[in-house]
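Trainee: Sequence:
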Amino acid sequence: MEDIVESREELMVSPTGGNQSLRTAHFLKPSVTSVDGPVFNIPRALFLSATTTSTTKLGNFPILWWQSPQRNWKFWVRSLHSEHHLTWKKAGIYEAIMGSKYQIVKSQELVLGLAEKWCPQTNTFIFPWGEATITLEDVMVLGGYPVLGSPVLSPLGSVESKRREAKLVEARLDLLRSKSRKASQSAWLKHFMGSESEFEHEAFLSLWLSRFVFPSTFSSISKHLFPLSIHLASGTQLALAPAVLASIYKNLSSLKEKMGDSTTSKTAVNLWGPFQLVQVWVWERFVASKPKPEEIKFPSEPRIAQWNNVKAPKQEDVKFALDSAGESFLWRPYTLALNNHVLPKFYLEKEEWILVNADVEKELESFARCLRACELVGIGFVQQYFPHRVAMQFGIDQDLPGYVVGNNENYSEPLNGAMWLYVPSRFFKPNVTSRYLEWWKQSTKAEHDGKQRGKEEHQENSGSVPPGFSSKWKDVEARNYDMEDKLTVKEMLRLHHCSSDNRMAEKNGKNCLSDVRKIMKMVPVENMMQSSSESKLEITAKDDRISGVVSSSSSRVYNKARRVMDENEEESRRCHKVDSLRRSMQLEARICTLENMISQLKVARLARNKTE
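All residue numbers for the sequence shown refer to UniProt numbering, where the first residue is 1 and numbers rise by one.
Bear in mind the hints are in silico, worked out from the structure with no lab data behind them. The C-beta atom is built at its ideal place from N, Cα and C for all residues, glycine as well. Please note: incorrect hints may appear among the correct ones.
With a cut-off of at most 20 angstroms between alpha-carbon atoms, the simulated DMTMM-like pairs for lysine to aspartate or glutamate come out as follows [as the list claims (entries may be wrong)]:
#1 Lys429 / Glu349
#2 Lys29 / Glu365
#3 Lys89 / Glu375
#4 Lys29 / Glu6
#5 Lys167 / Glu200
#6 Lys167 / Glu196
#7 Lys117 / Glu316
#8 Lys117 / Glu365
#9 Lys311 / Glu109
#10 Lys101 / Glu200
#11 Lys441 / Asp323
#12 Lys445 / Asp36
Now the in silico label distances, taken between C-beta atoms and shown as ranges [unchecked claim]:
#13 Gly17 / Ser82: 22 to 28 angstroms
#14 Ser150 / Ser82: 24 to 30 angstroms
#15 Glu361 / Lys311: 47 to 53 angstroms
#16 Ser186 / Lys29: 35 to 41 angstroms
#17 Leu176 / Ser79: 34 to 40 angstroms
#18 Gly157 / Glu438: 52 to 58 angstroms
Please take these sequences and the hints and turn them into a complete structure.
Mentor: Structure, rendered in C-alpha cells:
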C-alpha cells in the first residue's frame with residue numbers, strides 16, 4: 001500500500017512568516033511542489049461572497065441546537081455502568097457515553113462567527129492566517145468516538161437482533177399511540193430506565209444516539225438508529241467518528257448557506273447537530289476565545305470534562321478574535337499534558353516511522369486513518385475529507401494541497417498491505433514551505449481586494465452635503481446597500497455551489513457561466529444603464545438649481561429638491577453596481593473555468609505519464 005506521508009528537503013517558514021530554513025520536511029499526500037501543478041485552490045467565489053456577508057445578527061440567523069443531559073440521564077448512565085461498561089469499551093464508545101454527562105454551555109455567537117469562515121468545497125475554515133478544520137482526530141479525542149469499526153449502516157444479520165429491533169419499534173409505536181402522540185426522549189427514558197427490561201440496554205443506547213450523537217429533531221427517538229444501538233449493545237464496534245464528522249460538515253455547510261441566503265425569513269431556522277464539538281474545538285485552539293477550563297478530577301474522565309458548565313468569555317468582536325489568532329492558534333492542543341489525563345499512544349516523545357500492518361496497535365491505526373483523504377459516510381449522505389489541507393494539525397509540515405483524484409475511497413476500507421507511517425514528536429512545531437506561504441498570500445489577497453473595492457465604491461457614491469445641512473445619505477445608503485448585499489449573497493451562493501466537487505472542474509465551470517447568464521437575464525442591464533445616464537443628467541441640473549436655493553437660504557425648497565435628487569441618485573447607484581457585478585461575475589466565472597480545466601488537464605497528463 002502506498003505511504004500517506006512523503007519526505008523531501010524544502011525551504012520552510014512559519015505560517016505567519018519569518019526566516020526561512022532548509023531542512024528535511026514531511027508532507028501529507030497529495031502535495032504539489034509547484035503552483036503550476038494540479039493545486040486544489042480555494043474557490044474564488046468564497047471571497048466574493050465573503051465581501052458581501054454582513055456582520056452576524058442573531059435575530060436574522062439560524063438557531064443552533066445541541067442537547068444537554070436530561071435530569072435523570074446521569075443516573076441512568078451510573079445504573080448501567082457496572083454491568084455494561086466493558087461492553088462500551090469493547091464497542092469503543094465508553095468515553096463518548098461518559099462525555100454525554102457533561103453540560104457544554106452554548107455560545108451561539110462564537111459558533112456563528114466561526115461558520116462565516118466555512119468553505120463547503122474544501123470542508124475547512126478559511127482564515128486570513130491559514131486554513132484549519134475539524135478532523136477525525138478532533139472527533140476521536142474530544143468526542144470519544146471510534147475511528148475504526150464497521151460502517152454505521154451495517155445491517156442486522158441474526159434473527160435475534162431483528163427480534164430486538166422489532167421490540168424497540170413496538171415500544172416507539174406505543175408512545176405514538178399515547179395522549180402526547182410523540183415518541184419523546186423524556187417518555188422513552190421514563191418508560192425504560194430501571195425497568196429491568198431485556199431491551200433496556202438497547203433502549204439506553206437508542207436515546208444516547210438520538211440525543212447526543214445524531215440529533216435530528218427536538219426530543220424524539222429516531223427509529224433508523226435502532227440497528228446501531230443493537231450492534232453497539234452486543235459489543236460490535238462501529239466507526240462512529242467518520243459519521244459524526246460528516247454530520248458536522250453537513251451542518252456547517254447548511255449553516256453557511258442559511259447565513260448568506262437573503263430569502264431566509266426572520267423567523268428562526270432551527271439547525272440540529274453536534275455543534276457542542278464545534279464550540280469545544282474553538283476553545284481548545286483559540287487562546288483568546290477560550291474560558292478557563294475546569295481541572296479533570298479523575299483519570300477515567302474524558303478530555304471534554306474540563307469544559308463542563310464553563311461559560312464562554314464575552315467578546316466584543318468574534319470575527320476580529322478569529323482573524324487575528326494566527327500567532328496564538330494551537331495547531332496541536334491535544335499533545336499538551338493535562339492533570340489526570342492520559343495522552344493517546346500516537347502522541348510520541350520522539351518522531352518515529354512505524355510500520356502499519358495487521359499487527360499494529362489500534363490507536364496507531366486510528367491515527368493513520370485520520371491522515372488519509374477519503375469519503376465520510378454519514379446517515380444518508382456523504383462528505384469529503386481532506387486532511388492534507390490542514391497537515392499542521394497533525395504535526396506534519398504543509399505544502400501546496402493537491403487534487404484528490406477519484407476520491408471515492410471509503411473510510412471503512414482496510415489499509416491493505418503494509419505501509420510506513422511517519423508519526424511526529426508531540427513537541428514538534430510544523431511549518432509551511434515558502435511557496436505555500438506565497439500561494440496563501442495570493443489566494444487570500446482576493447478577499448482584501450474585494451473589500452477594498454467595496455470601500456472605494458462607497459466613497460465614490462457618497463454625495464457632499466452643503467454647509468449647515470444634515471446628511472440624509474447615510475440612512476438611504478444603509479437601507480439600499482443592505483438590500484443589495486442580500487441579493488448579491490444569494491446570487492453569489494449559486495456560484496459558490498457550482499464548484500462543490502473538485503473532480504468535476506470543467507463541468508462546474510460551465511455551470512458557473514450558466515448561472516451568470518441566468519443572473520444577467522434577471523436584470524435588464526441595458527435598460528437600467530440608459531436610465532442611469534438620464535438620471536445623471538437630471539441630477540446635474542437639479543444640483544445647479546439646489547445651489548441657487550441654498551444661496552437664497554430657502555431650506556424648505558432645498559429639502560424638497562434634495563429628496564428628488566436622492567431618489568434619482570439611488571437609482572443611478574443601483575444601476576452602476578449591478579453593471580459592475582455583472583462584469584465581475586463574468587470575469588470570475590471565466591477565470592474559474594480556465595483554472596479548473598487547466599488543473600484537470602495537468603492531473604490527466606500526470607496520470608498518463610505514470611502509466612507510460
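Trainee: Taking the hints in turn, state whether each one holds.
Mentor: The hints, checked one at a time:
1. Between lysine 429 and glutamate 349 the CA atoms are separated by roughly 13 angstroms; this keeps the pair inside 20 angstroms, and the hint holds.
2. As the CA atoms of lysine 29 and glutamate 365 are separated by approximately 17 angstroms, the hinted pair is consistent with the 20 angstroms bound.
3. Straight-line distance between C-alpha atoms of lysine 89 and glutamate 375 comes to about 26 angstroms, which puts the hinted pair past the 20 angstroms bound.
4. For the suggested pair lysine 29 and glutamate 6, the alpha carbons sit about 7 angstroms apart, so the restraint of at most 20 angstroms is met.
5. Straight-line distance between C-alpha atoms of lysine 167 and glutamate 200 comes to about 11 angstroms, which keeps the hinted pair within the 20 angstroms bound.
6. Of the pairs offered as hints, the one joining lysine 167 and glutamate 196 holds, with about 15 angstroms between alpha carbons and a cut-off of 20 angstroms not exceeded.
7. For the given pair, lysine 117 sits about 18 angstroms from glutamate 316 by alpha-carbon distance, which is consistent with the 20 angstroms threshold.
8. This hinted pair does not check out: lysine 117 and glutamate 365 have alpha carbons roughly 31 angstroms apart, beyond 20 angstroms.
9. The suggested pairing of lysine 311 with glutamate 109 holds, with an alpha-carbon distance near 13 angstroms, which does not exceed 20 angstroms.
10. The hinted pair formed by lysine 101 and glutamate 200 meets the criterion: a straight-line CA distance of about 19 angstroms does not exceed 20 angstroms.
11. A threshold of 20 angstroms between alpha carbons decides the hint, and for lysine 441 with aspartate 323 the separation of about 14 angstroms falls inside it, so the pair holds.
12. Of the pairs offered as hints, the one joining lysine 445 and aspartate 36 holds, with about 18 angstroms between alpha carbons and a cut-off of 20 angstroms not exceeded.
13. For the pair glycine 17 and serine 82, the beta carbons lie near 56 angstroms from each other, so the given range of 22 to 28 angstroms is not met.
14. Restraint check, serine 150 to serine 82: a C-beta distance of roughly 27 angstroms satisfies the suggested window 24 to 30 angstroms.
15. Taken as a hint, the range 47 to 53 angstroms is violated for the pair glutamate 361 and lysine 311, whose Cβ atoms sit roughly 39 angstroms apart.
16. At about 49 angstroms, the CB distance of serine 186 to lysine 29 disagrees with the hint of 35 to 41 angstroms.
17. As the Cβ distance of leucine 176 to serine 79 is approximately 27 angstroms, the hint placing it in 34 to 40 angstroms is violated.
18. Evaluation of the 52 to 58 angstroms hint for glycine 157 and glutamate 438 yields a pass: the beta carbon distance comes to about 55 angstroms.
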